[in-house]
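The task is simple: from the sequences and hints, build the whole structure.
Read off the chains here:
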Amino acid sequence: MSVSADRLSGAFFLILGLALYFAVIPAQVEQIDGRNLAPATMPNVVAIVISVCGGLLILKPTTHQAPDLRFFLISAAFVAILGGSIYAMSFFGFEYVASPLALIIMLMIGERRPVWLLTGVVLMPAAIWFLVTQLLERALP
Amino acid sequence: MVDLSVILAGFGDVFTPMTLLFILFGVVLGQFVGAVPGIGPVMAMAIAIPFTFGLDPLAAIAFLVGVNKGGLVGGAVPAILMNTPGTPDAAATALDGYPLARQGKPIKATKMALFSSVSGDTFSDIVLITVSAPLAILALKMGPVEIVALMIFAFSVISGLMGESLIKGVIAAALGLMFSFVGADPESFTPRLMFGYWDLYDGLALTSVAIGMLAISEILRRMTESFGQAGQGVLAPDNGNPEDRRVSWAEFWSCRFTLLRGATLGTILGALPGIGSTAAAFMSYATTKAASKDPDSFGRGNIQGIAATESANSAVVGANLIPLLTLGIPGSVTAALIISAFMIHGMQPGPLLFETQGRLVYGLFGAMIIANFLNLWVGQLGLRIWVKVVSAPESVIFSSALLLCFVGVAMATNGIFGIVIMLIFAALGILMHSFGYSMVIFIIAFFLGPQFEKSLAQALALLDGNLLRIYTSPVALALLVLSVISVFWFVSRRTNAKADTTNLGVPDGEVLDQKR
Amino acid sequence: MKLKSKLVALGAAALLAFGAPATAQDWGPSEPLTILIGFGAGGSTDTMGRVLADQIAEQTGWNVVVENRPGGGGVAMFTSLSQMPVDNHTIGMGVGIPVLVQLVERGDQLPFDLDSFDYLGTIATAELALVASADAPFDDLEGMIAYAQEQGTLPVATMAPPQVLMMNAAQRESGAEFNLVTAEGGAEVIQLILGGQVLAGFASGEHFPYLESGDMKVIASANANRLSYAPDTPTFIESGVDAYVDAVFFLAMRDGTDPAAAAAIAAAIDAAVQSEAVAEIVRNAVQGPAVNLGPEGARMMMVNGLENAQRLFQN
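Protein sequences appear in the order of chains A, B and C. Per my numbering, the first sequence starts with residue 1, numbered consecutively. Per my numbering, the second sequence starts with residue 1, numbered consecutively. Per my numbering, the third sequence starts with residue 1, numbered consecutively.
No lab work stands behind these hints: they were computed from the structure. Incorrect hints may appear among the rest.
One side of the interface only, derived from the structure: several residues of chain A facing chain B at Cβ under 10 Å [to be verified]: (1) I25; (2) Q28; (3) E30; (4) P39; (5) C53; (6) A66; (7) S75; (8) A76; (9) F78; (10) I109; (11) G120; (12) A127; (13) V132; (14) R138.
Even glycine gets a Cβ: it sits at the ideal position worked out from N, Cα and C.
What follows is the structure, given as structure tokens:
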């Protein structure tokens, strides 16, 4: 790789710190006078630190290797599946989403044995449902 | 002074079947919820409190303390067996516990954690029972100015664990601090960095961030690695060597200084409100590593590492009760929950508690000692069960753990919103890990950030806005000097040894893999 | 017993489906009632809310579910409640003052106002006091102001913006200067007073053990009225500082709720607040009596509270 992983992440943090300092913090933090520590003081200090260290890292990268593209694609797929299931949960509730979610995850990992599939897809969600709603009398998400 | 007969009557109260049963129930429940990913002792206690309203006060409070103590033992289990700590303080235990479990010694690792935890806990309980009152008065003298200095000292010691690149360690810490600023600022309570989401006004929930970053991201990463190839168990197979299934007395005894140091650190930090068990665990780990003749063995399955962290974070729990019982001041979330348990039974901890409720207080002390024994006993049994459970196929473990984390975080925070935050931080965790940034440093900074900013604001108020007047406090000054010394010392060691290989939370088993 | 009450609720719901048109007397929930608590699990609001819910369930046979929605002292919960469709079954429980402060300070950023809700009643009022160490060289607010003028400045611990504004009002009217240290909750205020870092501070009950032991004294009541446990101590207003705050625990539903449902639920809350179990938990949690001001009283409390908060922040 011509661009090292550290140079890439260093550049990201350099820009992130600057964006925080000049755009995000002024817009998202209120100005207060007359107290001891203004709400923006600490965020601003930390934004500068992020930016400066990002810059230093570009100049002085380590030999760290990032994983390959395949790793990122598969993890992104898992994150997307979880995100989708959270979205579905907000409509249908945990009871209806848990089992399909468990099934998809187990199949993606490559599980094919019926006994284990049954355990993960039927038994576990049922146990959680019983524990939370019946024993603890709490609501599921 | 409390009458001896009251003390004896109090201890006697513990030995009613009802109370003993509730302590046992608390310890079992605590170990269980501590070990299950996504649920922790804090949430178990919060849920249990309304239920204890109908109980006898001693049984109720002893039960909650049992949950708390059991939870600390249980919390080490997923950290060691799966590298998925549910709480930041257990993250320190994963540093050496997980490598040891990967070497086929899961029982040895969890047992060492159990013994260290109970040792540290018992130490701080004894301090609590014998010298709590004078210690509490001493702790009161640590005002905001001293706390700021103490936190700087804590940061300086933990910086010794920064890993391969100092710059990247600082970035991870700064990022953690930045996220800790989300929500109301500690002085004027103005909303910050909330983007219109009022659910964030109290800050990003520690549960969502910690579980997302430490547990979910690890699970997702491992699922990605075993994508499509149904793995066997999460653990390496047992190599059949009985030596690797127990902790010998010689091994335990060799950790005596580590245990003592951890327990002392934990007790001191526990008696001071606001610093907490995470900092204690990491400071103990960092100092143990620094004091070791073989620092390179840390992070590769050194039982000294487990002894250091577990003795420290468990000692905090007993010590948290020092300001709680004597002054009514809670030093942590769990301590605040115990105060509310006292309050719903019509009592308020404070200077008169020992006089007016002496019998109950000594009953509670008795219950704590009993709980420690039960912890040891239940733990011996429970650990074997957990090691068995974790030997189920990865697919079942991971999918169940994900569901449990969803439910646990939803209950501990405000529903779906908390789960979304958890997933966002899981994704951030994967990215940070991939690019070699320490998630553990991030979490420590995230955890200590709000307390640091609050104490800083208070210190500024007390010093008339001029931090340079810190010289008016000798204790603070001494701590700052110590911080400077420790930073220089760590930096000089780093340049001598080229690079530190602990790599807090970064390559976990990877170093090991290459060696095998 | 829990199962039995669920069966009863189910039966009631079934009856209702075939029964006569509902009025306040015979309105009953067709699904579980949900109480959203604007604070986290394990705190005093949570515990009071859950005991209240148990009592409602026991007395009416309804199925009541309690959920925690922490964030901003209830602002997060009331924000989401105001955005939910009217369902006649969801109730919010919170404390007046944090919501009122945000409405005054940044009402334009909030999707609700006082009219977004139908008020059902109250449970209790938390009493707020200004306290000091027993050996402090003053006994009342006037004395404290005089001492501050004499010393040049005086460190005082506060927990929330309204208290800062009350101290600012005291500064403005007297010219004395207070050095305000923001503490996180009453216990930390007590800690700062005991440690000698501040001379006085605000507390809402955390100081009781120290009143009993004689280590602390009450300087003034920060409420509109005097404190129930210190009837001889004057309020801020009586001491010449025209400011007060009242923190009332109340329940409300989305506006536009079926009046029959709101009336039935308000009646159920009223009956539950009068029970011994609720009285006991309120006494233990806020050291005061359980008081239900009723639907109209709760609304007036919020309207008056908003005016008061506006006045505090104008200065």
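Hint check results:
no., hint, in the structure
1, I25, "holds, 7 Å"
2, Q28, "holds, 5 Å"
3, E30, "holds, 4 Å"
4, P39, "holds, 4 Å"
5, C53, "holds, 5 Å"
6, A66, "holds, 5 Å"
7, S75, "holds, 5 Å"
8, A76, "holds, 8 Å"
9, F78, "holds, 5 Å"
10, I109, "holds, 4 Å"
11, G120, "holds, 4 Å"
12, A127, "holds, 9 Å"
13, V132, "holds, 6 Å"
14, R138, "holds, 6 Å"
Of the numbered hints listed earlier, not one is contradicted by the structure.
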